[in-house]
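Number of protein chains: 4
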Amino acid sequence: MKITIWNEFDHEKHDDAVKAIYPDGIHMCIARFLTEAGFEVRTATLDDPECGLTDEVLADTDVLYWWGHLRHDNVPDEIVNKVYRRVMDGMGLVVLHSGHASKIFCKLMGTAADNLKWRETNDKEILWSIAPGHPITRGLGDRIVIPHEETYGEHFIIPAPDELIYIGWFSGGEVFRSGCVFNRGRGKIFYFQPGHETVPTYHIPEVQKVLINAANYVYNNDTDKYPYGWAAPAAQQN
Amino acid sequence: MKITIWNEFDHEKHDDAVKAIYPDGIHMCIARFLTEAGFEVRTATLDDPECGLTDEVLADTDVLYWWGHLRHDNVPDEIVNKVYRRVMDGMGLVVLHSGHASKIFCKLMGTAADNLKWRETNDKEILWSIAPGHPITRGLGDRIVIPHEETYGEHFIIPAPDELIYIGWFSGGEVFRSGCVFNRGRGKIFYFQPGHETVPTYHIPEVQKVLINAANYVYNNDTDKYPYGWAAPAAQQN
Amino acid sequence: MKITIWNEFDHEKHDDAVKAIYPDGIHMCIARFLTEAGFEVRTATLDDPECGLTDEVLADTDVLYWWGHLRHDNVPDEIVNKVYRRVMDGMGLVVLHSGHASKIFCKLMGTAADNLKWRETNDKEILWSIAPGHPITRGLGDRIVIPHEETYGEHFIIPAPDELIYIGWFSGGEVFRSGCVFNRGRGKIFYFQPGHETVPTYHIPEVQKVLINAANYVYNNDTDKYPYGWAAPAAQQN
Amino acid sequence: MKITIWNEFDHEKHDDAVKAIYPDGIHMCIARFLTEAGFEVRTATLDDPECGLTDEVLADTDVLYWWGHLRHDNVPDEIVNKVYRRVMDGMGLVVLHSGHASKIFCKLMGTAADNLKWRETNDKEILWSIAPGHPITRGLGDRIVIPHEETYGEHFIIPAPDELIYIGWFSGGEVFRSGCVFNRGRGKIFYFQPGHETVPTYHIPEVQKVLINAANYVYNNDTDKYPYGWAAPAAQQN
Numbered sequence: 001m002k003i004t005i006w007n008e009f010d011h012e013k014h015d016d017a018v019k020a021i022y023p024d025g026i027h028m029c030i031a032r033f034l035t036e037a038g039f040e041v042r043t044a045t046l047d048d049p050e051c052g053l054t055d056e057v058l059a060d061t062d063v064l065y066w067w068g069h070l071r072h073d074n075v076p077d078e079i080v081n082k083v084y085r086r087v088m089d090g091m092g093l094v095v096l097h098s099g100h101a102s103k104i105f106c107k108l109m110g111t112a113a114d115n116l117k118w119r120e121t122n123d124k125e126i127l128w129s130i131a132p133g134h135p136i137t138r139g140l141g142d143r144i145v146i147p148h149e150e151t152y153g154e155h156f157i158i159p160a161p162d163e164l165i166y167i168g169w170f171s172g173g174e175v176f177r178s179g180c181v182f183n184r185g186r187g188k189i190f191y192f193q194p195g196h197e198t199v200p201t202y203h204i205p206e207v208q209k210v211l212i213n214a215a216n217y218v219y220n221n222d223t224d225k226y227p228y229g230w231a232a233p234a235a236q237q238n
Numbered sequence: 001m002k003i004t005i006w007n008e009f010d011h012e013k014h015d016d017a018v019k020a021i022y023p024d025g026i027h028m029c030i031a032r033f034l035t036e037a038g039f040e041v042r043t044a045t046l047d048d049p050e051c052g053l054t055d056e057v058l059a060d061t062d063v064l065y066w067w068g069h070l071r072h073d074n075v076p077d078e079i080v081n082k083v084y085r086r087v088m089d090g091m092g093l094v095v096l097h098s099g100h101a102s103k104i105f106c107k108l109m110g111t112a113a114d115n116l117k118w119r120e121t122n123d124k125e126i127l128w129s130i131a132p133g134h135p136i137t138r139g140l141g142d143r144i145v146i147p148h149e150e151t152y153g154e155h156f157i158i159p160a161p162d163e164l165i166y167i168g169w170f171s172g173g174e175v176f177r178s179g180c181v182f183n184r185g186r187g188k189i190f191y192f193q194p195g196h197e198t199v200p201t202y203h204i205p206e207v208q209k210v211l212i213n214a215a216n217y218v219y220n221n222d223t224d225k226y227p228y229g230w231a232a233p234a235a236q237q238n
Numbered sequence: 001m002k003i004t005i006w007n008e009f010d011h012e013k014h015d016d017a018v019k020a021i022y023p024d025g026i027h028m029c030i031a032r033f034l035t036e037a038g039f040e041v042r043t044a045t046l047d048d049p050e051c052g053l054t055d056e057v058l059a060d061t062d063v064l065y066w067w068g069h070l071r072h073d074n075v076p077d078e079i080v081n082k083v084y085r086r087v088m089d090g091m092g093l094v095v096l097h098s099g100h101a102s103k104i105f106c107k108l109m110g111t112a113a114d115n116l117k118w119r120e121t122n123d124k125e126i127l128w129s130i131a132p133g134h135p136i137t138r139g140l141g142d143r144i145v146i147p148h149e150e151t152y153g154e155h156f157i158i159p160a161p162d163e164l165i166y167i168g169w170f171s172g173g174e175v176f177r178s179g180c181v182f183n184r185g186r187g188k189i190f191y192f193q194p195g196h197e198t199v200p201t202y203h204i205p206e207v208q209k210v211l212i213n214a215a216n217y218v219y220n221n222d223t224d225k226y227p228y229g230w231a232a233p234a235a236q237q238n
Numbered sequence: 001m002k003i004t005i006w007n008e009f010d011h012e013k014h015d016d017a018v019k020a021i022y023p024d025g026i027h028m029c030i031a032r033f034l035t036e037a038g039f040e041v042r043t044a045t046l047d048d049p050e051c052g053l054t055d056e057v058l059a060d061t062d063v064l065y066w067w068g069h070l071r072h073d074n075v076p077d078e079i080v081n082k083v084y085r086r087v088m089d090g091m092g093l094v095v096l097h098s099g100h101a102s103k104i105f106c107k108l109m110g111t112a113a114d115n116l117k118w119r120e121t122n123d124k125e126i127l128w129s130i131a132p133g134h135p136i137t138r139g140l141g142d143r144i145v146i147p148h149e150e151t152y153g154e155h156f157i158i159p160a161p162d163e164l165i166y167i168g169w170f171s172g173g174e175v176f177r178s179g180c181v182f183n184r185g186r187g188k189i190f191y192f193q194p195g196h197e198t199v200p201t202y203h204i205p206e207v208q209k210v211l212i213n214a215a216n217y218v219y220n221n222d223t224d225k226y227p228y229g230w231a232a233p234a235a236q237q238n
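Chains as they are written, first to last, in this note's numbering: chain A, 1 to 238; chain B, 1 to 238; chain C, 1 to 238; chain D, 1 to 238.
Just chain A, with the same shape it has in the complex (with noise of 0.2 angstroms):
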């Protein structure tokens, strides 16, 4: 399988206390234990020429990783379709953290899913499993406890996911859809609430077991291609 992330890699150049967690980039950090995993891994950031996503190296993706924050607009909308119509035609889709509020996540949802509840007070989460058995859990328990973590709140302005995987539990109040499965076309996206830049979630052996399995689960590439627009009767075909 070969997986590309892509992360606006922004943070990490500019700010001395994330480059401290992820002094690389948060897409190396992740591109390590995906590596280790025994993916196939590439890399592509937001100042790449084309974003580092040229039709080659999409046509050669079976599943992409968005991890992006403050620049969601500097990604050109070219960029954004040309995502979009490979997630159509079953290339799989990780959306990280803020990506919520990405382009390409907010396109394929079909609402205004930038919008949610958010505060940065380091309030420790608990990811609750709702799907006990589900590729995406397994290995993993009933939970997942993150130290600390951005907060995110409902309501989350997404339509209801296919599969609910993760429920977060906010020490501030909150609780959040963390964790989420939609199929698109032939696509299927995982969205994974934690991720913010200031705190070591990505080094979180747990955190990094569900974006492993994320990966297995959403690979479908290679699929039957249908038919469509017009077409004689079936009822007289063999």
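Each hint should be verified, as a subset may be incorrect.
The list cannot tell twin chains apart, which means a pair is met if one copy fits it or any two copies do.
Here are the simulated BS3-like pairs of lysine-lysine, each with C-alpha atoms no more than 25 angstroms apart in a straight line [what the hints assert, rightly or not]:
1. 225 with 107
2. 107 with 82
3. 107 with 13
4. 209 with 225
5. 209 with 19
6. 107 with 2
7. 82 with 103
8. 19 with 124
Hint data in this document are derived by calculation from the structure and do not stem from the laboratory.
Since chain A is already given, all that's left is putting chains B, C and D on it; use the hints.
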């Protein structure tokens, strides 16, 4: 309840066969039976200034009906975005027949919903209710027979509907998710497949009843607007 | 609309602390605010002949509320089956708090719905609305605060609800799908988690409003009964 | 993966026309192609001691296939309950054709799932995929044609499936949700409508492939068992 019927209103002007069925346009036919049902109805068409969908009209619309076919691209993005924001805020939307390929429907689905199978062979369609007791199917029995319709066939590229109301059977061999409810933001959307311009579908009493029931069901206006954005810890509030 | 409130009515007779909160029983407290809301309300309890749920009472009930806790097994299977058949035929059912472990709820779920986490430590609960604009949440804002409740925690062994309305946050660290709608047959079921006998939850105005809204939402009686069994080819009929 | 095929095995003994199609019983036909696909397969039938479903057999079964028709009532409740508990714990279940009216399927649905329309007129059935890219539909294109089948028609009294995979079209005018996935507890259930005893459906390669794919999809064994019951506050744990 205030309803606005939007119609592309093109076939009815230029095609005598269509004009014979809907001399004043499809929108006027629908407006008539919705008015008789007690709703306050206005109409709007593509060639009206601002497509007839000014800020004032949209703000004053509880439920919008949408019929379009050949000229989806002539609806400016700015107007599509205004309709979209009204749906997020609770305006109901009833999308009719080839409106599945409209900009607004595709935007709200987040998928390439213009893709399906189709054929104009005047197939018989039988709409089978999957939702006994649902407000949209009330008083309509377990099926609705449409003597002749354009055939739409699966696969139809939409997200799984929040509620599947009708499955259409076509004599040529196809099936279609012909009645679907989608919740998006605070808005409710009902997609209803029958309604080709060359057959008198909107003159059928059962079809009219579906569309009357639908208005009541997707009506969701004047509901609470929730707070979004930065939020103080809820646990410390009363 | 005719409502029957069924209560086990055991704690309130034998536990002074509970009696102090609900001197006439939980059923009478609920009956009072539903009556004030304009519904026609009767009550029934476990120790009544036939549990108070005779054929006549059930046939004359549009929506049944169910509160039980310690003596689920004392409800005869025959009565459970009668309630079940009425739900199949469109009677609404509102299952309250520990009613999750009742025979009727487990039967309708098809799962071991008596399984969840629980704790009696008077946690604060915050109910977060996941369904803005939904008939059950109308007029209630984005959250309901319950100062003290029994804690229920995920994982709760239920099928994915047809509509997830509220997620509960508990100060001890748990989350729960506290408001869920299930469609079964022609019936609608609303499960609502708060309502422990040792705290005055049913005296809270927002909780009362949820239960009033729920009555209207699950009301589905007098809807069409469909034909089942052997059927002539539909295509040959008009 | 260890599969057990359970068959009522009655028609094949007493009806020469059925015997001609399935000389060793439907279970042996299914066992053969599942064995060829690499699974470890055993069979069990109604007239075996304990219906062939002893504790040992069930504990050693990852996925259970179920075909029954005339003698659902002869399966003792005790065995139904044992199968049910195994599904709660993660055993996969594939319910075939008239197995929709079996005790175990109705129990897992929580509805009167024995209710649907039916007719034995050797209609053509076309199964249309609603789930491109889904593991159950892989390699099968957008449709499967079954020259002759018993007709099943909506309305079928089941809860909305967690995943709708196939809709069946019948030449007589009916439609049916012919391929449905339900999650119950840790178990996954796949209901597949084709498979009448008087037609050679299980000899069709595409049908065999659906049933092979299904085994892989509903396999969910050896997954984490979560804790239930009294629980200390999660927020105080690490």
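Given identical chains, is residue 19 near residue 124, meaning Cα to Cα at most 25 angstroms, within a copy, between copies, both, or neither? within (22 angstroms within a copy, 38 angstroms between copies)
First find the shortest C-alpha distance between residue 107 and residue 13 inside one copy, then the shortest across copies, and answer within, between, both or neither for a cut-off of 25 angstroms. Neither. Shortest intra-copy (28 angstroms) and inter-copy (35 angstroms) distances fail the 25 angstroms Cα cut-off.
Could you place residue 107 and residue 82 in one of the four classes (within, between, both, neither) given a Cα distance threshold of 25 angstroms? both (12 angstroms within a copy, 16 angstroms between copies)
If the cut is 25 angstroms between Cα atoms, do residue 209 and residue 19 qualify within a copy, between copies, both or neither? Intra 23 angstroms, inter 50 angstroms, cutoff 25 angstroms: intra-copy only.
Homomeric proximity label, residue 209 with residue 225: Cα distance no greater than 25 angstroms: between (31 angstroms within a copy, 18 angstroms between copies)
Treating 25 angstroms as the Cα threshold, decide for residue 225 and residue 107: within, between, both or neither. both (22 angstroms within a copy, 22 angstroms between copies)
Copy assignment of residue 107 with residue 2, given that the CA separation must stay at most 25 angstroms: within (24 angstroms within a copy, 29 angstroms between copies)
Within, between, both or neither, where residue 82 and residue 103 count as close if Cα-Cα is 25 angstroms or less: This pair counts as both: shortest intra-copy Cα distance 12 angstroms, inter-copy 18 angstroms.
Hint compliance for this structure: hint 3 alone is broken.
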